[in-house]
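K.L.:
In order, the protein sequence lines correspond to chains E and D.
The first sequence begins at 1 in UniProt numbering and counts up one residue at a time.
The second sequence begins at 1 in UniProt numbering and counts up one residue at a time.
Mixed in with the good hints, there may be bad ones.
Chain E residues, not near chain D, derived (Cβ > 10 Å throughout) [what the hints assert, rightly or not]:
hint : residue
1    : V130
2    : P270
3    : H432
4    : A450
5    : R451
6    : T459
For each label pair, taking beta carbons as the anchor points, the in silico distance ranges come out as [to be verified]:
hint : chain 1 : residue 1 : chain 2 : residue 2 : range
7    : E       : D22       : D       : P108      : 30 to 38 Å
8    : E       : A316      : D       : L187      : 26 to 34 Å
9    : E       : Q289      : D       : R382      : 40 to 48 Å
It should be emphasised that the hints constitute simulated quantities derived from the structure, not laboratory data.
Glycine residues also receive a C-beta, built at the ideal position from the N, C-alpha and C atoms.
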Amino acid sequence: MFGWTGTILNIDLSSRAAWREDLSVELLHAYLGGRGLGVRLMRGFHALDPFDPVMPLIFAVGPLCGTSAPTAARLTVVSRSPLTGTIYDCSAGGRFAWRLKGLGVDALRLSGRSETPVTLVVTAGGVEFVDVPELWGQTVPETVAALSGRGSVAAIGPAGENGVLFANIMMGEGNSVGRGGLGAVMGAKGLKAVVVNGDIPVAVADRERFDRARQDVMRLFRASPVIFGELGIAEYGTPALVDLMRQRRMAPTENFRHTVFEGSANYSGPAIRSAYQAKKDGCYGCPIQCKKSTPRGEHLPEYETVSHFGALNGIASLDVIVKSNTLCNELGMDTISAAATLSAWGEVRGRFPGGEEVQRLLVDTALRRGDGELLSLGSRRAARALGRPELSMEVKGLELPAYDPRGAYGMALAYCTSNRGGCHLRAYPISHEILRKPVATDRFSFSGKARIIAIAEDTNAAIDSLVACKFSFFGATLEEYAELLSAATGTEYTPQSLKEIGRRICLTERFYNCANGFDVKDDCLPARFFAEPGSSGEGVDIPPIDRGRFDEELQKYYRIRGLTPAGTFADPDFLLTQP
Amino acid sequence: MRDQVSVYTNKLIADRSAHAQGIAIAAQDDVLIAGGAPDLARLAGDVLSRLTCLGMVVACPSLPFADFLVARAPAGESCIVPRDTETRTFLHDIPFLRRSDLGADPAPVIARLLGSRKGVVVEGVGIVASGALTVEQAYINYSSVFHSTFVKYLQDVLHHGFILPGEAEAFAAFRSQWLRPLTDEGLAFRSGPLAERDEILDEIATVGRYTVERGLVDSFFGNISCRAGEVIYISQTAASLDSLAGCIDPVPTDNSSTFGITASSELLAHRRIYEATGAATILHGHPKFAVIMSMECAEEGCAITDCWKECDRVRFLGDTPVVAGEIGAGGLARRVPPAIAGPRKAVVYGHGVFTVGETDFADAFRALVSVENWCRGEYFRRLEERLG
Ligand code: SF4
Ligand SMILES: [Zn+2]
Ligand SMILES: [Zn+2]
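Just need the whole structure built from these sequences, with the hints factored in.
P.N.:
Structure below.
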């Protein structure tokens, strides 16, 4: 087989059994890999409780992983989120994905529960279940250091062990499988870490065609100001967005009460660079290298993280922000949800946490002690418990990232239609509403946005299944990636056929969510955004969002998706019509 | 959506890239709408409904060059490969359908081709272009195909002469009627030095519009900037030169802020050109004859195959230097500044022209006009020489 391996490795942690199975060619062609394959493999398990031992936790790579396709050394982890209750997937870069594919598998499916802490080690020699009582309670870096001699590591920290609902799975090089709490799913299985160490090369069907497509992608990267421009993410990392969001007046501040934070210049891209002598870093094999780290190798925070530990909590100290980021990474917790939960909690009690207090609260959250017990549940449950549900700034329980929806109406809609809750990356309208890629759209207009969001969701679902990094698409398009895919696999794909695959994936996810009771009532923003204005000024007006127009556009989205006005499926057998 | 149909129909008429009677635009939100020439509108709607895209332009180009390229293509070929930078970077190649490929219902075959490209040529119908997210994008893709097929056809004619019946006549009509004299006459420029922010923003928008109105660039392609003190005011990426109001980023020269991440992909080139020339303004566009002539290289036995990226010579079109270098971080920003410092103008291989102004845009604009006029004259001189 070219591109794919055609094999899945199953692991039952309860019986400590491992076995390989063939994956049908039909399924691989129809779902590609990564997110698509993982979502398909969730069929029949999608209504289980996320902590049910039978619940699968799937690590899936894609057909481009293991090749030199730019940004394709990635995998997707799929399961059901304990934070949102939705189907959940998250993409992460790093050597782990290569090493996993190098074992000759397209996916690793874990289920069951080990009674005692265990680490799974998969090498060419086979599968080992290693008891690791001594690692339980250790931080992510400690765990990685203990295991890295055996291969590439994916591990949880104390947060995942303790069931923090936004616990991450962390990759050995610092990449995180973030947001939806899949670290807690892994923890509930008694699984501290997975180590993989394969090196079987991936066969490419048409090397010459592949290399040509790769050149085309690289040319587009160089032509993209966002990627390789002198102010772009390769230079400054995603914090390059700090100044832009400030200037567009859409940087969520003090739990979204305002949209401009005067201290944001302290943690802008240039400020971080000069304060930490930041150097380029990034996912294994990626030519962009959008991540930044200190000369000692400490990972510096991403845009969403600096903005949420910064503006959202009213903290102007870069030092506090960087420390908070490092702490979250060590404890294995999502930075966006952690910061947003602290912020909601801060607004409830009338004071946002600052300085040292943030770090104490983060540790307490991971260990679920003191105030951390409540904070570990995420902002929705915490705000409800405190009697102020309206102060939780999330959609479907997933805390909103650092793009205020009042400053970009496509973003407002996309937060709500996203199948994994309030996430910016599903349709990523920031790309056209703010960054003008591939073309600019009017950020203060809903016109056409329902269709644009649906198309972008389909496109990104395909990208997440290849698996490629979204940042590639600030330059390249599905045209070049379809070429890479066709050349790698020997099966012809086009942008259109990829978008159709993406649509199938999005609808499958939506179907699972509907089966779990989600509908139109869940596709909504917190009331604040329809009632309160953002911070207008400098000639930019940030009014509240027009609820009528929002609802109208949401209904358009449902019609485009073939859904009922309640956002549900008219056909209860929809899944049976899909491969 | 409706307003989009008329906006872009008018743009296609104004930039004279399509026949006024042969334009159709379709768009789909939750419903599909299509307007314009009835047959083409029906086709646009039929094709669009088969694609995961928002917008579509189907139009009959004002020049028959795309059809000629199809008719001149050897049997068995299915795409045109223009060599200009637009194509090379964004379109890759332009698939075409011959009349004989169309059958009774051309929509499915057109949709299949468009499923993998932004624009295609359909013989006897015109250029069909899609826009994944907006109608504007479909318009841009139409313009790109128009530009690329224009460049490619003129190059082909220069190298191989006329082949088909009617070509020479059509070409003569193009030369005598479609082409108009290029001039800066009658345009008013603010005299420099330009210092006030509002005045600079307004002048940039005005001059951007001039470049389009005078037919120097297609509205989408190019960028423009003005330096005042420690700030470079530059058009944003993917901005139309004829509607720059609100699309100009003031970028501090010391990179102390990154909000200029939305600035033109040529920001670095502009910055380096300012450093090398001490000029106050820069104009950059892709006038067609300069693009064509920049690729007419007389070197023999040259070992370089990737001329766009790797040519390290400085050749000349009259007194204007030509250098190679790809967009953005692709080398253009390194090769143009030293070349432009003396002559105050330069051409990039297969791509377009940069000119600078000392204190305002008047001289930069005049230089852009004169480079293109020289290239136009030279093209026809060589063509006549060839045709005898
Ligand atoms: S662009 Fe950044 S996030 Fe994406 S693969 Fe490259 S280094 Fe990783
Ligand atoms: Zn250019
Ligand atoms: Zn051009």
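K.L.:
With reference to the structure, classify each hint as holding or not holding.
P.N.:
Against the structure, the hints come out as follows:
1. V130: holds (46 Å)
2. P270: Given that some Cβ of chain D is not farther than 10 Å from that of P270(E), nearest at about 6 Å, it is violated.
3. H432: Label violated. Min Cβ-Cβ 6 Å, cutoff 10 Å.
4. A450: violated (6 Å)
5. R451: violated (5 Å)
6. T459: Check fails; 8 Å does not lie beyond 10 Å.
7. D22(E) <-> P108(D): 30 to 38 Å: With a Cβ separation near 35 Å, D22(E) and P108(D) satisfy 30 to 38 Å, so the hint holds.
8. A316(E) <-> L187(D): 26 to 34 Å: At roughly 49 Å between Cβ atoms, L187(D) and A316(E) fall outside 26 to 34 Å, so the hint is violated.
9. Q289(E) <-> R382(D): 40 to 48 Å: Given range 40 to 48 Å: holds, Cβ gap about 46 Å.
Going through the hint list in order, the structure does not satisfy hints 2, 3, 4, 5, 6, 8.
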